[in-house]
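J.: Sequence:
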Amino acid sequence: MAMRLPHLKIGQRLAFGYGFVIVLLIAMTLVGVARLGALSRTTDEALREKYPNTVLVNEVIFELGAVARAMRNTLIMTEPDQVKAQLADIARAKLRVTALMGQLTLNVRDPAGVEILQQIEIIRSAYTFNQEEFIALLADGRLGEAKNLLLVDLDPYQGDYFRALEKLQQHESALMEQARTAIDASYQRARVSMLALSGFAALLSVVITFGITRSLLRQLGGEPDYATAIARQIAAGQMDLEIAIAPRDRASLLYAMKVMRDRLEERTFALQETNAELEQSLESLKMTQDDLVRSEKLAALGSLVAGVAHELNTPIGNGLLAASSLADHVRSFEGEVAAGLRKSALEAHLAEVHQAADIMLRNLNRAVDLVASFKQVAVDRASSQGREFLLDEVVTEILLTLWPSLKNCGVAITHDIPPGISMRSYPGAVGQVLTNLVNNAVIHGFDGVHGGCVAVRARVRDDGWVDLEVRDDGAGIAPEHLGRIYDPFFTTKLGKGGSGLGLNIVYNLVHGVLDGRIAVQSAVGKGTVFTVTLPLDAFHD
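Sequential numbering of the sequence shown, starting at 1, is according to full-length UniProt numbering.
Treat the hints with care, since some could be wrong.
Unchecked claim - Mimicking DSSO-like on lysine-lysine, the simulated pairs with C-alpha atoms at most 27 Å apart in a straight line are:
1) Lys407 with Lys526
2) Lys343 with Lys407
3) Lys147 with Lys94
4) Lys94 with Lys84
5) Lys147 with Lys84
FYI, nobody ran anything at the bench for these hints, they're computed from the structure. Note that the structure is predicted; figures quoted are calculated from it, not measured.
Sequences and hints are given; from them, build the entire structure.
T.: This is the structure we're talking about:
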(Lines of atoms letter the chains of each structure in order from A; the text may use other names.)
(Lines give C-alpha, C1' and ligand atoms only; values in the text may rest on other atoms or scores of the structure.)
Protein backbone atom coordinates (compact mmCIF):
# COMPACT_ATOMS: atom_id res chain seq x y z
CA MET A 1 0.00 0.00 0.00
CA ALA A 2 1.53 3.32 -1.09
CA MET A 3 2.21 5.94 1.59
CA ARG A 4 2.20 9.62 0.68
CA LEU A 5 4.98 11.73 2.14
CA PRO A 6 2.69 14.60 3.36
CA HIS A 7 0.90 12.16 5.72
CA LEU A 8 4.13 11.23 7.50
CA LYS A 9 5.30 12.74 10.76
CA ILE A 10 8.11 15.29 10.74
CA GLY A 11 10.63 12.80 12.11
CA GLN A 12 9.64 10.26 9.47
CA ARG A 13 9.98 12.85 6.71
CA LEU A 14 13.46 13.77 7.89
CA ALA A 15 14.44 10.12 8.26
CA PHE A 16 13.20 9.23 4.76
CA GLY A 17 14.63 12.37 3.13
CA TYR A 18 18.10 12.39 4.63
CA GLY A 19 18.22 8.61 4.67
CA PHE A 20 18.35 8.79 0.88
CA VAL A 21 21.26 11.24 1.09
CA ILE A 22 23.16 9.08 3.58
CA VAL A 23 22.67 5.94 1.50
CA LEU A 24 23.87 7.80 -1.60
CA LEU A 25 26.94 9.09 0.24
CA ILE A 26 27.79 5.60 1.47
CA ALA A 27 27.34 4.25 -2.07
CA MET A 28 29.50 7.06 -3.42
CA THR A 29 32.21 6.24 -0.88
CA LEU A 30 32.12 2.55 -1.77
CA VAL A 31 32.31 3.36 -5.49
CA GLY A 32 35.26 5.66 -4.83
CA VAL A 33 37.05 2.96 -2.83
CA ALA A 34 36.38 0.40 -5.57
CA ARG A 35 37.62 2.75 -8.31
CA LEU A 36 40.75 3.65 -6.36
CA GLY A 37 41.34 -0.06 -5.72
CA ALA A 38 41.06 -0.79 -9.44
CA LEU A 39 43.48 2.05 -10.24
CA SER A 40 45.92 0.79 -7.61
CA ARG A 41 45.76 -2.79 -8.92
CA THR A 42 46.31 -1.64 -12.53
CA THR A 43 49.28 0.48 -11.46
CA ASP A 44 50.80 -2.31 -9.38
CA GLU A 45 50.46 -4.77 -12.28
CA ALA A 46 52.20 -2.37 -14.67
CA LEU A 47 55.07 -1.74 -12.25
CA ARG A 48 55.42 -5.38 -11.22
CA GLU A 49 55.16 -7.15 -14.58
CA LYS A 50 55.82 -4.70 -17.41
CA TYR A 51 58.52 -2.27 -16.24
CA PRO A 52 61.15 -4.85 -15.04
CA ASN A 53 61.03 -6.68 -18.40
CA THR A 54 61.82 -3.47 -20.28
CA VAL A 55 64.80 -2.82 -18.01
CA LEU A 56 66.06 -6.40 -18.46
CA VAL A 57 65.88 -6.17 -22.28
CA ASN A 58 67.79 -2.87 -22.21
CA GLU A 59 70.47 -4.45 -20.03
CA VAL A 60 70.82 -7.44 -22.40
CA ILE A 61 71.26 -5.06 -25.36
CA PHE A 62 73.84 -3.10 -23.38
CA GLU A 63 75.83 -6.22 -22.43
CA LEU A 64 75.66 -7.60 -26.00
CA GLY A 65 77.04 -4.30 -27.28
CA ALA A 66 79.87 -4.57 -24.75
CA VAL A 67 80.69 -8.07 -26.04
CA ALA A 68 80.73 -6.85 -29.67
CA ARG A 69 83.08 -3.98 -28.83
CA ALA A 70 85.39 -6.23 -26.85
CA MET A 71 85.66 -8.77 -29.70
CA ARG A 72 86.59 -6.02 -32.17
CA ASN A 73 89.11 -4.56 -29.72
CA THR A 74 90.94 -7.89 -29.44
CA LEU A 75 91.75 -7.77 -33.17
CA ILE A 76 93.41 -4.35 -33.02
CA MET A 77 95.27 -4.68 -29.71
CA THR A 78 98.84 -5.97 -29.71
CA GLU A 79 99.60 -6.22 -26.01
CA PRO A 80 98.72 -9.64 -24.50
CA ASP A 81 97.50 -8.01 -21.29
CA GLN A 82 95.10 -5.82 -23.23
CA VAL A 83 93.72 -8.81 -25.15
CA LYS A 84 93.41 -10.74 -21.91
CA ALA A 85 91.45 -7.87 -20.33
CA GLN A 86 89.07 -7.75 -23.30
CA LEU A 87 88.51 -11.52 -23.11
CA ALA A 88 87.73 -11.15 -19.39
CA ASP A 89 85.18 -8.45 -20.25
CA ILE A 90 83.62 -10.80 -22.81
CA ALA A 91 83.37 -13.58 -20.23
CA ARG A 92 81.75 -11.30 -17.65
CA ALA A 93 79.28 -9.92 -20.17
CA LYS A 94 78.37 -13.46 -21.32
CA LEU A 95 77.59 -14.47 -17.74
CA ARG A 96 75.52 -11.33 -17.28
CA VAL A 97 73.60 -11.97 -20.52
CA THR A 98 72.92 -15.56 -19.45
CA ALA A 99 71.53 -14.39 -16.09
CA LEU A 100 69.42 -11.67 -17.70
CA MET A 101 68.01 -14.03 -20.33
CA GLY A 102 67.13 -16.51 -17.59
CA GLN A 103 65.22 -13.79 -15.75
CA LEU A 104 63.45 -12.76 -18.96
CA THR A 105 62.45 -16.37 -19.60
CA LEU A 106 60.84 -16.47 -16.14
CA ASN A 107 59.14 -13.08 -16.48
CA VAL A 108 57.83 -13.10 -20.07
CA ARG A 109 54.67 -15.19 -20.19
CA ASP A 110 52.55 -13.80 -23.01
CA PRO A 111 52.56 -15.95 -26.18
CA ALA A 112 54.04 -13.28 -28.45
CA GLY A 113 56.85 -12.52 -26.02
CA VAL A 114 57.61 -16.22 -25.50
CA GLU A 115 57.82 -16.73 -29.27
CA ILE A 116 60.29 -13.85 -29.61
CA LEU A 117 62.37 -15.26 -26.74
CA GLN A 118 62.50 -18.63 -28.49
CA GLN A 119 63.81 -16.94 -31.64
CA ILE A 120 66.40 -15.09 -29.56
CA GLU A 121 67.56 -18.33 -27.92
CA ILE A 122 68.07 -19.96 -31.35
CA ILE A 123 70.15 -17.00 -32.57
CA ARG A 124 71.98 -16.82 -29.23
CA SER A 125 73.00 -20.48 -29.41
CA ALA A 126 74.57 -20.04 -32.87
CA TYR A 127 76.15 -16.74 -31.84
CA THR A 128 77.62 -18.27 -28.67
CA PHE A 129 79.04 -21.25 -30.60
CA ASN A 130 80.85 -18.97 -33.08
CA GLN A 131 81.93 -16.72 -30.24
CA GLU A 132 83.61 -19.63 -28.46
CA GLU A 133 85.38 -20.57 -31.71
CA PHE A 134 86.49 -16.93 -32.09
CA ILE A 135 87.99 -16.95 -28.59
CA ALA A 136 89.76 -20.26 -29.30
CA LEU A 137 91.32 -18.84 -32.49
CA LEU A 138 92.57 -15.82 -30.55
CA ALA A 139 94.07 -18.09 -27.92
CA ASP A 140 95.97 -19.97 -30.67
CA GLY A 141 97.19 -16.69 -32.17
CA ARG A 142 95.32 -17.23 -35.46
CA LEU A 143 94.21 -13.61 -35.79
CA GLY A 144 93.46 -13.80 -39.50
CA GLU A 145 91.05 -16.67 -39.10
CA ALA A 146 89.51 -14.98 -36.05
CA LYS A 147 88.96 -11.77 -38.03
CA ASN A 148 87.43 -13.72 -40.92
CA LEU A 149 85.12 -15.57 -38.51
CA LEU A 150 84.08 -12.27 -36.93
CA LEU A 151 83.25 -10.62 -40.24
CA VAL A 152 81.71 -13.59 -42.04
CA ASP A 153 79.83 -15.46 -39.31
CA LEU A 154 79.66 -13.51 -36.06
CA ASP A 155 78.59 -10.13 -37.51
CA PRO A 156 75.45 -11.51 -39.26
CA TYR A 157 74.45 -13.45 -36.14
CA GLN A 158 75.13 -10.38 -34.06
CA GLY A 159 72.88 -8.29 -36.31
CA ASP A 160 70.12 -10.89 -36.04
CA TYR A 161 70.67 -10.96 -32.28
CA PHE A 162 70.27 -7.18 -31.96
CA ARG A 163 67.20 -7.11 -34.21
CA ALA A 164 65.50 -9.86 -32.23
CA LEU A 165 66.24 -8.04 -28.97
CA GLU A 166 64.92 -4.78 -30.43
CA LYS A 167 61.78 -6.66 -31.48
CA LEU A 168 61.35 -7.90 -27.90
CA GLN A 169 62.03 -4.38 -26.64
CA GLN A 170 59.31 -2.98 -28.91
CA HIS A 171 56.93 -5.72 -27.77
CA GLU A 172 57.53 -4.92 -24.08
CA SER A 173 57.17 -1.19 -24.79
CA ALA A 174 53.82 -1.92 -26.42
CA LEU A 175 52.76 -3.82 -23.30
CA MET A 176 53.83 -0.82 -21.19
CA GLU A 177 51.74 1.46 -23.41
CA GLN A 178 48.75 -0.85 -22.96
CA ALA A 179 49.26 -0.68 -19.19
CA ARG A 180 49.43 3.11 -19.34
CA THR A 181 46.19 3.18 -21.35
CA ALA A 182 44.54 0.92 -18.78
CA ILE A 183 45.69 3.20 -15.95
CA ASP A 184 44.34 6.28 -17.76
CA ALA A 185 41.01 4.53 -18.36
CA SER A 186 40.77 3.47 -14.71
CA TYR A 187 41.52 7.02 -13.60
CA GLN A 188 38.91 8.49 -15.92
CA ARG A 189 36.29 6.02 -14.70
CA ALA A 190 37.06 6.84 -11.07
CA ARG A 191 37.02 10.58 -11.73
CA VAL A 192 33.78 10.56 -13.73
CA SER A 193 32.02 8.28 -11.23
CA MET A 194 33.00 10.36 -8.22
CA LEU A 195 32.21 13.69 -9.88
CA ALA A 196 28.83 12.41 -11.09
CA LEU A 197 27.92 11.01 -7.69
CA SER A 198 29.13 14.21 -5.99
CA GLY A 199 26.97 16.37 -8.23
CA PHE A 200 23.97 14.09 -7.80
CA ALA A 201 24.42 14.05 -4.00
CA ALA A 202 24.63 17.85 -3.87
CA LEU A 203 21.56 18.24 -6.10
CA LEU A 204 19.60 15.65 -4.10
CA SER A 205 20.53 17.40 -0.83
CA VAL A 206 19.24 20.72 -2.16
CA VAL A 207 16.01 19.17 -3.46
CA ILE A 208 15.32 17.28 -0.23
CA THR A 209 16.11 20.34 1.91
CA PHE A 210 13.78 22.49 -0.19
CA GLY A 211 11.02 19.88 -0.09
CA ILE A 212 11.21 19.30 3.65
CA THR A 213 11.36 23.05 4.37
CA ARG A 214 8.29 23.65 2.23
CA SER A 215 6.49 20.73 3.89
CA LEU A 216 7.27 22.05 7.37
CA LEU A 217 6.09 25.53 6.48
CA ARG A 218 2.87 24.06 5.14
CA GLN A 219 2.38 22.11 8.35
CA LEU A 220 2.96 25.30 10.32
CA GLY A 221 0.33 27.03 8.19
CA GLY A 222 2.69 29.75 6.97
CA GLU A 223 5.91 31.41 7.97
CA PRO A 224 7.10 30.64 11.52
CA ASP A 225 6.94 34.35 12.43
CA TYR A 226 3.19 34.47 11.69
CA ALA A 227 2.54 31.28 13.65
CA THR A 228 4.61 32.65 16.55
CA ALA A 229 2.67 35.94 16.51
CA ILE A 230 -0.68 34.11 16.60
CA ALA A 231 0.51 31.94 19.47
CA ARG A 232 1.67 34.98 21.44
CA GLN A 233 -1.63 36.80 20.92
CA ILE A 234 -3.58 33.77 22.09
CA ALA A 235 -1.28 33.44 25.08
CA ALA A 236 -1.93 37.12 25.87
CA GLY A 237 -5.68 36.45 26.03
CA GLN A 238 -6.72 37.91 22.66
CA MET A 239 -9.33 35.31 21.84
CA ASP A 240 -11.20 37.37 19.21
CA LEU A 241 -8.39 37.64 16.69
CA GLU A 242 -8.90 36.34 13.15
CA ILE A 243 -6.64 33.47 12.08
CA ALA A 244 -6.18 33.20 8.30
CA ILE A 245 -6.24 29.53 7.37
CA ALA A 246 -6.38 28.18 3.82
CA PRO A 247 -8.58 25.13 3.08
CA ARG A 248 -5.50 22.97 2.51
CA ASP A 249 -4.06 23.91 5.93
CA ARG A 250 -6.61 22.01 8.01
CA ALA A 251 -3.82 19.74 9.20
CA SER A 252 -1.48 22.65 9.98
CA LEU A 253 -0.30 24.01 13.31
CA LEU A 254 -2.32 27.20 12.80
CA TYR A 255 -5.51 25.21 12.40
CA ALA A 256 -4.70 23.42 15.64
CA MET A 257 -4.25 26.84 17.27
CA LYS A 258 -7.65 27.94 16.01
CA VAL A 259 -9.28 24.83 17.44
CA MET A 260 -7.43 25.44 20.70
CA ARG A 261 -8.62 29.06 20.77
CA ASP A 262 -12.23 27.94 20.22
CA ARG A 263 -11.96 25.42 23.01
CA LEU A 264 -10.44 28.01 25.31
CA GLU A 265 -13.40 30.28 24.71
CA GLU A 266 -15.76 27.42 25.53
CA ARG A 267 -13.87 26.68 28.74
CA THR A 268 -13.84 30.11 30.26
CA PHE A 269 -14.70 28.75 33.66
CA ALA A 270 -11.62 26.46 33.62
CA LEU A 271 -9.24 29.29 32.64
CA GLN A 272 -7.28 29.42 35.88
CA GLU A 273 -6.62 25.71 35.89
CA THR A 274 -5.67 25.82 32.24
CA ASN A 275 -3.26 28.75 32.84
CA ALA A 276 -1.59 26.84 35.65
CA GLU A 277 -1.14 23.84 33.42
CA LEU A 278 0.22 26.08 30.68
CA GLU A 279 2.73 27.68 33.06
CA GLN A 280 3.88 24.26 34.15
CA SER A 281 4.16 23.17 30.52
CA LEU A 282 6.11 26.31 29.62
CA GLU A 283 8.53 25.69 32.48
CA SER A 284 9.00 22.11 31.34
CA LEU A 285 9.57 23.30 27.80
CA LYS A 286 12.15 25.80 29.01
CA MET A 287 14.02 23.09 30.90
CA THR A 288 13.88 20.86 27.84
CA GLN A 289 15.16 23.75 25.74
CA ASP A 290 18.10 24.30 28.10
CA ASP A 291 18.91 20.59 28.00
CA LEU A 292 18.80 20.62 24.22
CA VAL A 293 21.07 23.68 24.05
CA ARG A 294 23.60 21.95 26.31
CA SER A 295 23.33 18.81 24.20
CA GLU A 296 23.90 20.87 21.04
CA LYS A 297 27.01 22.44 22.56
CA LEU A 298 28.37 19.06 23.64
CA ALA A 299 27.59 17.62 20.21
CA ALA A 300 29.36 20.55 18.52
CA LEU A 301 32.38 20.10 20.82
CA GLY A 302 32.42 16.38 20.10
CA SER A 303 32.28 17.02 16.36
CA LEU A 304 35.17 19.49 16.64
CA VAL A 305 37.33 17.06 18.61
CA ALA A 306 36.46 14.27 16.18
CA GLY A 307 37.34 16.52 13.23
CA VAL A 308 40.77 17.35 14.69
CA ALA A 309 41.42 13.71 15.63
CA HIS A 310 40.63 12.54 12.10
CA GLU A 311 42.36 15.39 10.25
CA LEU A 312 44.98 13.00 8.92
CA ASN A 313 42.47 10.34 7.82
CA THR A 314 41.80 9.80 4.15
CA PRO A 315 39.12 11.95 2.47
CA ILE A 316 36.92 8.93 2.10
CA GLY A 317 37.10 8.34 5.84
CA ASN A 318 36.17 11.96 6.38
CA GLY A 319 33.20 11.52 4.07
CA LEU A 320 31.98 8.53 6.09
CA LEU A 321 32.47 10.50 9.32
CA ALA A 322 30.44 13.40 7.93
CA ALA A 323 27.66 11.02 6.87
CA SER A 324 27.64 9.40 10.33
CA SER A 325 27.54 12.80 12.04
CA LEU A 326 24.63 13.84 9.82
CA ALA A 327 22.73 10.68 10.80
CA ASP A 328 23.33 11.40 14.49
CA HIS A 329 22.09 14.96 14.06
CA VAL A 330 18.91 13.74 12.34
CA ARG A 331 18.17 11.51 15.31
CA SER A 332 18.84 14.41 17.69
CA PHE A 333 16.57 16.64 15.63
CA GLU A 334 13.79 14.05 15.81
CA GLY A 335 13.96 14.41 19.58
CA GLU A 336 13.56 18.17 19.26
CA VAL A 337 10.57 17.73 16.99
CA ALA A 338 8.93 15.39 19.47
CA ALA A 339 9.43 17.99 22.20
CA GLY A 340 8.06 20.86 20.10
CA LEU A 341 9.49 22.36 16.94
CA ARG A 342 10.92 25.85 17.14
CA LYS A 343 12.13 28.06 14.34
CA SER A 344 15.58 28.37 15.89
CA ALA A 345 15.90 24.60 16.06
CA LEU A 346 14.87 24.30 12.40
CA GLU A 347 17.38 26.97 11.38
CA ALA A 348 20.10 25.28 13.44
CA HIS A 349 19.30 21.98 11.80
CA LEU A 350 19.44 23.47 8.30
CA ALA A 351 22.76 25.11 9.17
CA GLU A 352 24.12 21.77 10.32
CA VAL A 353 22.92 20.13 7.09
CA HIS A 354 24.60 22.79 4.93
CA GLN A 355 27.80 22.45 6.97
CA ALA A 356 27.84 18.67 6.57
CA ALA A 357 27.24 18.99 2.82
CA ASP A 358 30.12 21.47 2.54
CA ILE A 359 32.47 19.12 4.44
CA MET A 360 31.57 16.22 2.18
CA LEU A 361 32.03 18.26 -1.01
CA ARG A 362 35.44 19.52 0.14
CA ASN A 363 36.58 16.01 0.96
CA LEU A 364 35.35 14.72 -2.38
CA ASN A 365 37.38 17.43 -4.13
CA ARG A 366 40.35 16.30 -2.05
CA ALA A 367 39.70 12.72 -3.22
CA VAL A 368 39.82 13.92 -6.83
CA ASP A 369 43.19 15.58 -6.11
CA LEU A 370 44.47 12.31 -4.62
CA VAL A 371 43.39 10.41 -7.74
CA ALA A 372 45.27 12.99 -9.83
CA SER A 373 48.37 12.43 -7.68
CA PHE A 374 48.09 8.63 -8.14
CA LYS A 375 47.72 9.13 -11.85
CA GLN A 376 50.88 11.27 -12.04
CA VAL A 377 52.85 8.65 -10.12
CA ALA A 378 51.40 5.87 -12.28
CA VAL A 379 52.21 7.68 -15.54
CA ASP A 380 55.77 8.41 -14.38
CA ARG A 381 56.29 4.78 -13.35
CA ALA A 382 54.85 3.45 -16.63
CA SER A 383 56.86 5.84 -18.82
CA SER A 384 60.60 6.01 -19.46
CA GLN A 385 60.39 9.61 -20.65
CA GLY A 386 62.22 12.31 -18.75
CA ARG A 387 60.77 15.66 -17.80
CA GLU A 388 61.32 18.64 -15.52
CA PHE A 389 59.81 18.22 -12.06
CA LEU A 390 60.04 19.39 -8.44
CA LEU A 391 61.69 16.85 -6.17
CA ASP A 392 59.48 17.60 -3.15
CA GLU A 393 56.31 16.98 -5.17
CA VAL A 394 57.55 13.63 -6.53
CA VAL A 395 58.70 12.46 -3.07
CA THR A 396 55.37 13.48 -1.52
CA GLU A 397 53.40 11.63 -4.20
CA ILE A 398 55.54 8.49 -3.85
CA LEU A 399 55.21 8.39 -0.05
CA LEU A 400 51.48 8.94 -0.47
CA THR A 401 51.23 5.81 -2.62
CA LEU A 402 53.26 3.83 -0.07
CA TRP A 403 51.21 4.95 2.94
CA PRO A 404 48.29 2.46 2.57
CA SER A 405 50.67 -0.54 2.61
CA LEU A 406 52.94 0.80 5.40
CA LYS A 407 50.50 2.49 7.79
CA ASN A 408 49.98 -0.68 9.85
CA CYS A 409 53.64 -1.67 10.17
CA GLY A 410 54.26 0.61 13.15
CA VAL A 411 57.11 2.48 11.43
CA ALA A 412 56.93 6.26 11.08
CA ILE A 413 57.75 7.60 7.59
CA THR A 414 58.92 11.24 7.53
CA HIS A 415 60.37 13.43 4.82
CA ASP A 416 62.22 16.73 4.74
CA ILE A 417 62.62 17.90 1.15
CA PRO A 418 63.34 21.62 0.68
CA PRO A 419 60.80 23.12 -1.73
CA GLY A 420 61.89 24.41 -5.09
CA ILE A 421 64.49 21.72 -5.99
CA SER A 422 63.90 21.52 -9.74
CA MET A 423 65.31 18.54 -11.65
CA ARG A 424 65.44 17.52 -15.31
CA SER A 425 65.53 13.75 -15.02
CA TYR A 426 63.31 10.66 -14.92
CA PRO A 427 60.70 10.92 -12.13
CA GLY A 428 59.53 7.35 -12.69
CA ALA A 429 63.00 5.98 -11.99
CA VAL A 430 63.42 8.32 -8.99
CA GLY A 431 60.10 7.04 -7.63
CA GLN A 432 61.12 3.40 -8.12
CA VAL A 433 64.42 4.00 -6.33
CA LEU A 434 62.70 5.71 -3.40
CA THR A 435 60.00 3.01 -3.19
CA ASN A 436 62.53 0.18 -3.10
CA LEU A 437 64.73 1.90 -0.51
CA VAL A 438 61.80 2.65 1.84
CA ASN A 439 60.37 -0.87 1.47
CA ASN A 440 63.84 -2.35 2.02
CA ALA A 441 64.22 -0.32 5.23
CA VAL A 442 60.83 -1.44 6.57
CA ILE A 443 61.23 -5.13 5.63
CA HIS A 444 64.86 -5.64 6.68
CA GLY A 445 65.42 -2.92 9.27
CA PHE A 446 62.36 -3.53 11.43
CA ASP A 447 61.69 -7.27 11.08
CA GLY A 448 59.81 -8.37 14.21
CA VAL A 449 60.09 -4.86 15.71
CA HIS A 450 57.14 -2.50 16.25
CA GLY A 451 58.18 1.11 16.05
CA GLY A 452 61.05 3.01 14.50
CA CYS A 453 61.44 5.70 11.88
CA VAL A 454 62.41 5.97 8.20
CA ALA A 455 63.41 9.51 7.20
CA VAL A 456 63.73 10.79 3.61
CA ARG A 457 65.82 13.94 3.20
CA ALA A 458 67.40 15.92 0.38
CA ARG A 459 70.26 18.43 0.13
CA VAL A 460 71.40 20.42 -2.91
CA ARG A 461 75.15 20.43 -3.45
CA ASP A 462 77.20 23.26 -4.89
CA ASP A 463 78.33 21.19 -7.90
CA GLY A 464 74.87 20.87 -9.50
CA TRP A 465 74.00 17.59 -7.82
CA VAL A 466 71.50 16.66 -5.11
CA ASP A 467 71.85 14.09 -2.31
CA LEU A 468 68.67 12.09 -1.64
CA GLU A 469 69.02 10.28 1.67
CA VAL A 470 66.91 7.41 3.08
CA ARG A 471 67.81 6.85 6.75
CA ASP A 472 66.39 4.33 9.24
CA ASP A 473 67.12 3.50 12.87
CA GLY A 474 66.53 -0.22 12.43
CA ALA A 475 68.67 -3.34 12.78
CA GLY A 476 71.41 -2.30 10.35
CA ILE A 477 73.35 -4.45 7.86
CA ALA A 478 75.98 -6.96 8.91
CA PRO A 479 79.50 -6.03 7.69
CA GLU A 480 79.87 -9.31 5.78
CA HIS A 481 76.72 -8.46 3.77
CA LEU A 482 77.57 -4.86 2.84
CA GLY A 483 79.64 -5.88 -0.17
CA ARG A 484 76.84 -8.02 -1.64
CA ILE A 485 73.67 -5.97 -1.10
CA TYR A 486 73.55 -4.86 -4.76
CA ASP A 487 74.09 -8.37 -6.14
CA PRO A 488 71.04 -9.81 -7.92
CA PHE A 489 69.09 -12.39 -5.91
CA PHE A 490 71.04 -11.72 -2.73
CA THR A 491 68.59 -11.53 0.19
CA THR A 492 68.48 -12.42 3.87
CA LYS A 493 64.69 -12.89 3.65
CA LEU A 494 64.47 -15.66 1.06
CA GLY A 495 61.00 -17.18 1.25
CA LYS A 496 59.79 -14.35 3.50
CA GLY A 497 58.90 -11.75 0.90
CA GLY A 498 62.44 -10.84 -0.21
CA SER A 499 63.30 -11.42 -3.87
CA GLY A 500 66.89 -10.20 -3.75
CA LEU A 501 66.31 -7.82 -6.68
CA GLY A 502 65.22 -4.64 -4.87
CA LEU A 503 68.63 -3.06 -4.27
CA ASN A 504 69.96 -4.49 -7.54
CA ILE A 505 67.20 -2.62 -9.40
CA VAL A 506 68.01 0.50 -7.36
CA TYR A 507 71.69 0.25 -8.31
CA ASN A 508 70.93 -0.24 -12.01
CA LEU A 509 68.42 2.63 -12.10
CA VAL A 510 70.75 5.03 -10.28
CA HIS A 511 73.78 4.24 -12.46
CA GLY A 512 72.16 3.27 -15.75
CA VAL A 513 69.10 5.55 -16.01
CA LEU A 514 69.61 8.47 -13.64
CA ASP A 515 73.37 8.82 -14.30
CA GLY A 516 74.04 9.04 -10.56
CA ARG A 517 75.71 7.07 -7.81
CA ILE A 518 74.66 5.43 -4.54
CA ALA A 519 76.46 4.91 -1.23
CA VAL A 520 75.52 3.08 1.97
CA GLN A 521 76.55 3.41 5.60
CA SER A 522 75.33 0.99 8.25
CA ALA A 523 76.00 -0.11 11.80
CA VAL A 524 74.42 -3.19 13.35
CA GLY A 525 71.79 -2.17 15.88
CA LYS A 526 71.94 1.53 14.92
CA GLY A 527 70.46 1.73 11.43
CA THR A 528 71.31 2.26 7.79
CA VAL A 529 71.72 5.31 5.54
CA PHE A 530 71.46 5.10 1.73
CA THR A 531 72.64 8.26 -0.05
CA VAL A 532 71.65 8.60 -3.71
CA THR A 533 73.55 11.38 -5.49
CA LEU A 534 71.84 12.58 -8.68
CA PRO A 535 72.51 15.35 -11.21
CA LEU A 536 69.97 18.16 -11.21
CA ASP A 537 70.10 18.05 -15.01
CA ALA A 538 70.41 14.51 -16.36
CA PHE A 539 69.98 15.68 -19.98
CA HIS A 540 73.08 17.90 -20.24
CA ASP A 541 75.58 17.20 -23.00
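J.: State for each hint whether it applies.
T.: Hint check:
A hinted pair counts as satisfied when its Cα atoms are at most 27 Å apart, and lysine 407 with lysine 526 qualifies at roughly 23 Å. Among the hinted pairs, lysine 343 with lysine 407 is inconsistent with the structure: their alpha-carbon atoms are about 47 Å apart, more than 27 Å. With a C-alpha separation of about 20 Å, the suggested pair lysine 147 and lysine 94 falls inside the 27 Å cut-off, and the hint holds. For the hint linking lysine 94 to lysine 84, the alpha-carbon distance of about 15 Å falls within 27 Å, and the restraint holds.
Proximity of lysine 147 to lysine 84 is assessed by CA-CA distance (about 17 Å); at most 27 Å being required, the pair is judged to hold.
Hint 2 from the list above is the single one not met by this structure.
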